[in-house]
Amino acid sequence: TQLLEQSPQFLSIQEGENLTVYCNSSSVFSSLQWYRQEPGEGPVLLVTVVTGGEVKKLKRLTFQFGDARKDSSLHITAAQPGDTGLYLCAGEGAAGNKLTFGGGTRVLVKP
Amino acid sequence: DVKVTQSSRYLVKRTGEKVFLECVQDMDHENMFWYRQDPGLGLRLIYFSYDVKMKEKGDIPEGYSVSREKKERFSLILESASTNQTSMYLCASSGYGIGAGELFFGEGSRLTVL
Chain A
29 TQLLEQSPQF
39 LSIQEGENLT
49 VYCNSSSVFS
59 SLQWYRQEPG
69 EGPVLLVTVV
79 TGGEVKKLKR
89 LTFQFGDARK
99 DSSLHITAAQ
109 PGDTGLYLCA
119 GEGAAGNKLT
129 FGGGTRVLVK
139 P
Chain B
566 DVKVTQSSRY
576 LVKRTGEKVF
586 LECVQDMDHE
596 NMFWYRQDPG
606 LGLRLIYFSY
616 DVKMKEKGDI
626 PEGYSVSREK
636 KERFSLILES
646 ASTNQTSMYL
656 CASSGYGIGA
666 GELFFGEGSR
676 LTVL
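Chain order of the listed sequences is A and B.
One rule links them: number in this note's numbering = place in the first sequence (from 1) + 28.
One rule links them: number in this note's numbering = place in the second sequence (from 1) + 565.
Only chain B is shown next, with the shape it has when bound in the complex (with noise of 0.2 angstroms):
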């Protein structure tokens, strides 16, 4: 079976703390993304990465930032949280390219920022 795994289901934190969201994938793919998912607002691309030490920008990469250092993790940091980035955070890998095939998803990550 596939799988794309996210570090944390459920997370809560404060303002202005420092967060990371990691994420790994089993199946060798080069291409991995994180989006945000807010109700009525389907998914947003944040950032997504085709290879290696590689990442490009998505829709809403403002007050985010990742890594990738190991082909199979893509973690997701904000540097200072913010109440506006309450939101479930999802993984996805693909092995096509960019945009093309199926992505597989991981489970989520629920954030809240109080």
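Next comes chain A alone, as it looks inside the complex (with noise of 0.2 angstroms):
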């Protein structure tokens, strides 16, 4: 079984501070999925990365795949409490059978 590993667990920061997620695996996936769940609700998709080195962004949020596709971060810009959730990695397997989740990282952004 792939492990995605994400860190910290828990971010708490106040709004306009930067923070960064981080996710680390020992495996190598095809693709790189990152959600955001918001209390009450199932995960949404924000990103999808493919390709080793490339980086996506949205909006305040820029996504980049390692170069040897086995990690991915995420870093927000001037945070805000609207971006308060909890933060999933999801990686692809080379057989592209499934996805595996990392552990996920609970923001909270205070105003």
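Quick caveat, the hints were computed from the structure, so don't treat them as lab data.
Note that this is a predicted model, so its numbers are computed, not measured.
All the given hints hold, so there is nothing to weed out.
Okay, the calculated beta carbon distance ranges per label pair:
no., chain 1, residue 1, chain 2, residue 2, range
1, B, S632, A, E69, 18 to 28 angstroms
2, A, N52, B, D593, 35 to 45 angstroms
3, B, E587, A, N46, 40 to 50 angstroms
4, B, R579, A, K138, 38 to 48 angstroms
5, A, G44, B, K635, 42 to 52 angstroms
6, B, R579, A, V72, 30 to 40 angstroms
7, A, S40, B, K618, 39 to 49 angstroms
8, A, P67, B, T648, 17 to 27 angstroms
9, B, M592, A, P67, 18 to 28 angstroms
10, B, I625, A, V72, 16 to 26 angstroms
11, B, E621, A, S54, 23 to 33 angstroms
12, A, K138, B, E667, 27 to 37 angstroms
To spell it out: a stretch of chain B is covered by chain A in this simulated footprint if at least three of its residues, at any positions, have a beta carbon under 8 angstroms from a beta carbon of chain A; those stretches are:
no., segment
13, 608-617
14, 671-678
Backbone N, C-alpha and C define an ideal beta-carbon position, used for all residues, glycine too.
Join the two chains, each given in its own frame, into one complex according to the hints.
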């Protein structure tokens, strides 16, 4: 079973600060997805990265896929209370048959 | 709006009871999934289905079974609920190859087994 480790598990910051969430594995993934889950709801896809070294931006969120396709990071610039939620990374294995999820990072942005 | 609907948001059951969790999607997706979510463990795949009447075990299938009689409906069954099955259960669907593409999730069913 491929494992994905997310760090930190919990992050509490003030509005306007920056933050980075990491997703690491010893396995290679063919693609990696990032989801955000808000309380009482299911996860919603933010982005999919496919190519090693790829960087994608979604407004104040920047996603990077490691060159070796074993790790990824999510950076939020000038965080806002609306960014509060559980961030989950999920990797698709080389066989392409299912997603493996990380343990999640709970982010709290205080006004 | 695409939608995955789970039948119950909250359930409380007793040890040994049979539990049915139902999930319906309106996107005509081939693939459907059942995950359980526990703090710090992320989402763990219980079972998935890539076609009607087809099912595949995920990473933690023990104690669970599934049924997919119609394309839009995927049910998770706990034959004899145990306290260690207390969890949040999430259903998802996708229209791509298994594991590829975007997963659309329901709002979750929080099950407590006493």
